[in-house]
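A.B. asks: Please put together the full structure from these sequences, using the hints given.
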Amino acid sequence: MKPLGPLYVTLILILLAAPLVVVTGVSLNSAQSLRFPPQDLSLRWYGALFQQADWMGPLRNSVVIAALASALAVAVALPLALHVWVRGGWLSRALYTLGVAPFMLPPVITALGFLVFWVSLGMYGQFTATVVSHAVFLVTLPLVTISLGLQTIDPALIEAARVMGATRGKVLRTVVLPLVLPYMISGYAFAFVLSLNEYIIAYMVAGFTVETLPIKIFNSLRYGYTPIMGVVSVLFVVIAILVFGLIGRFGNLPRLLGAERLRE
Amino acid sequence: MSAGTEKVTPAWLGAIPGVWLAVLFLIPFAIMLSVSVAHRVPGGFFEPGFEFTSYARLFTPFFGRILVTSILIAAGAALICVVLAFPFTVLLSGMRRRAQTLVLVILLAVLSLSEVIIGFSLSTLLSRTAGVGNLFAALGIIETSQAYTPGLFALMAGLCYLGFPYAVLVLYPPVSRLDPELGEAARSMGASPLRAFLTVTVPVLRAPILGALILVFVFTLGAYLLPQLLGRPRHWTLSVHITDQAIFQSNLPFAAAMAIMLLLVALAMVGLALLLGRQREAG
Numbered sequence: 001m002k003p004l005g006p007l008y009v010t011l012i013l014i015l016l017a018a019p020l021v022v023v024t025g026v027s028l029n030s031a032q033s034l035r036f037p038p039q040d041l042s043l044r045w046y047g048a049l050f051q052q053a054d055w056m057g058p059l060r061n062s063v064v065i066a067a068l069a070s071a072l073a074v075a076v077a078l079p080l081a082l083h084v085w086v087r088g089g090w091l092s093r094a095l096y097t098l099g100v101a102p103f104m105l106p107p108v109i110t111a112l113g114f115l116v117f118w119v120s121l122g123m124y125g126q127f128t129a130t131v132v133s134h135a136v137f138l139v140t141l142p143l144v145t146i147s148l149g150l151q152t153i154d155p156a157l158i159e160a161a162r163v164m165g166a167t168r169g170k171v172l173r174t175v176v177l178p179l180v181l182p183y184m185i186s187g188y189a190f191a192f193v194l195s196l197n198e199y200i201i202a203y204m205v206a207g208f209t210v211e212t213l214p215i216k217i218f219n220s221l222r223y224g225y226t227p228i229m230g231v232v233s234v235l236f237v238v239i240a241i242l243v244f245g246l247i248g249r250f251g252n253l254p255r256l257l258g259a260e261r262l263r264e
Numbered sequence: 001m002s003a004g005t006e007k008v009t010p011a012w013l014g015a016i017p018g019v020w021l022a023v024l025f026l027i028p029f030a031i032m033l034s035v036s037v038a039h040r041v042p043g044g045f046f047e048p049g050f051e052f053t054s055y056a057r058l059f060t061p062f063f064g065r066i067l068v069t070s071i072l073i074a075a076g077a078a079l080i081c082v083v084l085a086f087p088f089t090v091l092l093s094g095m096r097r098r099a100q101t102l103v104l105v106i107l108l109a110v111l112s113l114s115e116v117i118i119g120f121s122l123s124t125l126l127s128r129t130a131g132v133g134n135l136f137a138a139l140g141i142i143e144t145s146q147a148y149t150p151g152l153f154a155l156m157a158g159l160c161y162l163g164f165p166y167a168v169l170v171l172y173p174p175v176s177r178l179d180p181e182l183g184e185a186a187r188s189m190g191a192s193p194l195r196a197f198l199t200v201t202v203p204v205l206r207a208p209i210l211g212a213l214i215l216v217f218v219f220t221l222g223a224y225l226l227p228q229l230l231g232r233p234r235h236w237t238l239s240v241h242i243t244d245q246a247i248f249q250s251n252l253p254f255a256a257a258m259a260i261m262l263l264l265v266a267l268a269m270v271g272l273a274l275l276l277g278r279q280r281e282a283g
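One line per chain: the protein sequences are A and B, in this order. For the first sequence, position 167 (counting from the first letter as 1) is numbered 167 according to this note's numbering, and the numbering increases by one without interruption. For the second sequence, position 270 (counting from the first letter as 1) is numbered 270 according to this note's numbering, and the numbering increases by one without interruption.
Do not rely on the hints blindly, as some may be mistaken.
Now the stretches of chain A that chain B is said to cover, found in silico as 3 or more residues with beta-carbon under 8 Å [unchecked claim]:
id, stretch
1, 21-35
2, 41-54
3, 75-81
4, 222-235
Just so you know, the hints here were simulated from the structure itself, not pulled from any lab data. For glycine and all other residues, C-beta sits at the position ideal for the given N, C-alpha and C.
C.D. replies: As structure tokens, then:
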């Protein structure tokens, strides 16, 4: 297995990269056709994404929804994680399960639940509905990262602060929050990337009025393929690699994903 | 929990996320349940009611075929994913931290990709003008380039692409907890690496592997765009039909009944997977 091991890993990584390489190539075609290898290299479709109004709108929607929904998700996940960490008990565990549940189930179920919910409230098709739905769906990610962060805090640190006379509010502000801040940021980043890519909930809740980029791509697939879809795909891959790369660079990604022993 | 953290947060703090999640997660499910027994008004929406018409449709050959198709496709994809992912994860967790981080970044990037993008990328890769057909033709394996999509092969490839990173990440924590000395001990006793892998590593991690199979099964069962983009209508799974009934057939009660059915299947499977995980912790 010694020589075969690295070969196997490399082969799988190549297979994972293959579709993305082809899509990158396709996005560089100058004509409106999907050719690989591309003919007459050109960046014109990259300009088109930021100039054509029918792509700019969805781009703006996607970014604003992802930014707001992830912030909301962190705002809900932080008190939940703190509560579970400090108090424990069955109620905390039930809350934690509730926070993790949307992510464990096939998303179409959650999407349909949101659809009937917003229809009943008369908010079907509204921007707010998409933001709030994404925030509820994605709360799992900051919840998991912040909980992991809280577990790394040495209880002696808090005890020391208390002994020195800090009020609990002060302990929270000056000891706990600074220590979990990196975990809040990675939770936000995870949620942001996934919200950008999310399709079914955005589609079911407001697919015909609030068009996000994935919805826009799917709708335009029906009228034929254009290199601009390749451009969006490249953009999303780059954002994902950038975000996870930064987390990997400044944080401990293996630890964040549950690894326990690590060889330096 | 511990003495030091006892009073850092006030007790009411849990109420904020509690109310938020109850209102926005539990109430939608309650409404969905009530819609599933509502009376459908053809061509329109639905009116409140209490009837099991939509559930009765779950026992028709139409739904039976969808269910069998969905289960076979998801189970096949889950099996392929886990078989490929398990040795990959074992190798991954043996790497140095920097290399592990790099591979994890790639896996997370692929995992977070929208199904739209995965579907588009794979249909491009398998297309006649831009795909592997060109490569095969250039190599002289086939005469002229051809398309490999849509079809069952393309769909399975897509689902495996989607499920593989997920399978690795599900297997990663238990595999990384495994004592590397276990395999080394087997090898020092004269077992070949492959034999050590098959007779020590795999049996020790039987429960997590089974758990991963179930979770990847539920995960691929949730795919709703790939069957439309890479498969033919006869490959449409439950998730696709739920969307179809809700949006295009305007039959919300039937969509809700199917979603409840899918929910029960998924809950049972996830529960089973968690149970398997707990046994591992205990044992």
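A.B. asks: The structure should be examined with respect to each hint, and the outcome stated for every one.
C.D. replies: Tested hints:
1. 21-35: The restraint on the stretch 21-35 of chain A holds, since 7 of its residues have a Cβ under 8 Å from chain B and three suffice.
2. 41-54: Result for this restraint: violated, n = 0.
3. 75-81: holds (count 4)
4. 222-235: Per the Cβ count (5), the hint holds.
Hint violations for this structure: number 2 only, all remaining hints satisfied.
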